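Visitor: One line per chain: the protein sequences are A, X and S, in this order. To convert, count from 1 in the first sequence and add 43; that's the working numbering. To convert, count from 1 in the second sequence and add 108; that's the working numbering. To convert, count from 1 in the third sequence and add 28; that's the working numbering.
A couple of the hints might just be wrong.
[Claimed, not checked] For each label pair, taking beta carbons as the anchor points, the in silico distance ranges come out as:
1. A:185 / S:174: 42 to 52 angstroms
2. X:313 / S:176: 41 to 51 angstroms
3. S:485 / X:314: 33 to 43 angstroms
4. A:99 / S:176: 39 to 49 angstroms
5. S:230 / A:132: 54 to 64 angstroms
In case anyone wonders, no lab produced these hints; they're calculated from the structure. Quantities reported herein were computed from a predicted structural model and do not represent experimental measurements. Don't be surprised by glycine CBs; every beta carbon is placed ideally from N, CA and C.
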Amino acid sequence: MSRDKILAALQQNQPELVPLPSTLSFERDESLNLVEKFKVMAEGIGSKVYVVAGFEEIATVIGMDFPNEKRIVSAVPELATDAIPAFLLNESPHTYESVDVAIFKPRIAVAENSALWITEDRMGVRALPFITQHIVMLVDVATLVPDMHAAYLQIGDADYGFSTFIAGPSKTADIEQSLVLGAHGPRSMTIFLYGK
Amino acid sequence: MRVGLFIPCYVDQFYPNAGIATYQLLTKLGVDVVYPTGQTCCGQPMANSGFEHLTTDCNNLFIDNFAEFDYIVSPSGSCTLHIKDHLHSDKAEDKATSIRHKIYELVEFLVDILKVNNLHAKFPHKVGVHQSCHGQRGLFLTQMSELVAPYYSKPQQLLSQVEGLEIIPLSREDECCGFGGTFCVVEEAVSSKMGKDRVKDHVTHGAEYITGADMSCLMHMEGILKRENSGVKVLHIAEILNAE
Amino acid sequence: MAETDDAVKTHPQLSDIFNEDEERVDWHDATLWWIRAKRDKSAHSIPEWEQLRDTASQIKNNVLSNLADYLVSFEKNALANGIIVHWAADAAEHNRIVLGILQENGIQQMVKSKSMLTEECHLNEYLEQHGLDVIDSDLGERIVQLAKEPPSHIVLPCIHKKKEEIGDLFHIHLGVPAGTSDPQVLTETARQHLRETFLTRKAALTGVNFAVAETGEFVVCTNEGNADMGAHLADVHIASMGIEKIIPERKHLGVFLRLLTRSATGQPITTYSSHFKKPRPGQKMHIVIVDNGRTVQMGREDFRASLKCIRCGACMNTCPVYRRSGGHSYHNAISGPIGAILAPNLDMKKYADLPFASTLCGSCSNVCPVKIDIHQQLYKWRQVIVKEGYADNSKKLGMQLMTFTLSSPSVYRTAGKAGRWFLKHVPFAVNNKLNPWYKHREMPEPPAESFGEWYKKNVKNK
């Protein structure tokens, strides 16, 4: 069996055990303003960032920013309104293929690279954050962490079926290194930073 | 302190002035320097071509010539690095080890051992400094642009002591010139293109001279400059540091 | 240009051809240097960058020294997560396994996201020979697929193509108007064209950037979102991974995700870093763990460290030779410096030229996020290749002559004197077409006397 062959070959050819590094902590600038850093990185990557007081403001801005988009759904229960209905999971992807704007609330926001950690249970369905034409993320500033090490510390040994870091709108530079936003995933990402 | 002068084979045969300048400079600085006349080559051309196993005699000859000295100094980063990394001998391994620890390229010898800080040299010209790869990334003569680390440059430290000398900036501070030993003929197209691009960087930034710690790189760039009928000349750094 | 086994040219031959169009070489070189520059800017924004590299290197050293156990843990945890685990000894077995999964599910069409491993295995060709339709969804990969070429760079598959050429391809295959070259328009075209693919394909194959032993999950990084679009809409998700993609614990992802994209393109992170742990309810998730020569490389003490590679491509971007010869000159799925130390392990005869396609400048080793000693391995491969008998005969002869000359001071001095005499008095004997140096360079001016001769004359014997 190939499994046994491979494992046997490794046992034979592997070098002497080398220990893992004792620490994964790196010097950090504790005075770093996480909100500022996050905003700069997010805008640099191509996201639109709003700092808002609360959810009512969010609904208004979304209405203004997406006047022509027909289907706006929310995977954030607290935000669901008549204009922005809650996303209901259906069997066929074709039922959510037409979503124009989808709204999510990630669990963690990473300042060093504006990456937002969102687990499956907050996606509605796995495909939704990718298939929507535009993505909106509601970020509680209390969930901001400085870097990826801090993010994984927070994630710990959480169980999930699927989770992802989303750092901005989908993009590609495959054609002569010209950056184009909106490859196969969302064309734009809008981030609302709220809270204290 | 007795210093054995190791002159690379191609410097010996084609660019003796670099060797002469090295000898004169060290002597000026009060060093007791001797050139063992039985020396030939460090063996790098063979070793880099995959024929390391043919360098036994070369290695032993090197050991015979240089074992007795307190330091060995060479106006060549790549030859120095080759000895440092690859000199071994079945017959005299302890001598080989000793040599690997006491061999220095000229610039690092001047900066780290002699701690030269007041050269009486004059060279009122615009000079482009070529960071030869083995000297830079192997002997750490100048900080490499790849690393996130504080900048320093031993060649620059010495050149800043030369009156009237202006170092020109470059677009790519430490890109390889493309010589690479037998690479220059085995991969001729890429080698000459790399050399052409290096030369262009210096010339467009106004260099009158291109200098560096390795004559091999300079020989390659000189070949291209001459083919382009350029007035820009190459000079080994020893010749500039020795200029009055 | 399609790869044909019987006419595989060597790197020098292919580079010669590449260099016939100097303007194009300049363009290719400038583009990749720009990416190196972006990498530098990004790395310099992280004061602890070198410490990160050290840490990543140490983690990977640990992985290699404990890989068997980690793979067993990974498998156990993946199985517990509901992932079906397969093992493939070689490329052929990998391809058979993938075919088997598709056939047992009655699937004839598959969408693929980037996987250099599947390039290595020539999966697309194999599946097409068996009547299956495979579409590459990564834009760069889709472009080279339409052009019937292999990718030239592991991260930027069509970096060798100009936008006008891409426009021509899209005109022929996707119906855009002739002469289209706007990247925005071309990307939008691909978006529309591939959206239909994502929605209709029942099977999706992705690569694996990292496989976590501790949790049995794997991570796929993309900017386009194509891996996710494929996987989340498919009934069957197949993930192909090389055995060396293992990392020990989930928290180690923090180190690698900070290094990967900054090293590759200078971005702080890819748009998507997707962690796949369990199949979607109703979905089947398979992972194929592939050896294909990696266990052999593991046994080569000098070259084992090449297995630490996280496929960032930084070595390619920084390599002055790669920039001026292009990925296709390496005639291998993985090109550039890392390709040159991986490939000879697979076929020493076929890839004997690659370790010599370098000046050993060392730039690659110093941008490598996991600190592989690439340039030292290039030197060592040269010794192995010559020892195994794959060196040119003419080179062998030349080297033996050089050894003879340089081992004897008197022969050396005579030869040197003769060489200088010839250059001075019979220059056309040297300055001609037979002398490759002379093609683009003048020979050095022969001096009147060597240093040795000057010393004898001018310095009192000490």
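Visitor: Is 54 to 64 angstroms respected by the C-beta to C-beta distance linking residue 230 (chain S) and residue 132 (chain A)?
Guide: Given a distance of about 20 angstroms, which is not inside 54 to 64 angstroms, the answer is violated.
Visitor: Is it true that the C-beta distance of residue 185 (chain A) to residue 174 (chain S) lies inside 42 to 52 angstroms, as the hint says?
Guide: holds (48 angstroms)
Visitor: Determine whether the Cβ-Cβ distance between residue 313 (chain X) and residue 176 (chain S) falls within the hinted range of 41 to 51 angstroms.
Guide: This hint holds: roughly 43 angstroms between Cβ atoms.
Visitor: Holds or violated: the 33 to 43 angstroms window for the beta-carbon distance between residue 485 (chain S) and residue 314 (chain X)?
Guide: holds (39 angstroms)
Visitor: Between residue 99 (chain A) and residue 176 (chain S), does the beta-carbon spacing fit 39 to 49 angstroms?
Guide: violated (56 angstroms)
Hint compliance for this structure: hints 4 and 5 are broken, all remaining hints hold.
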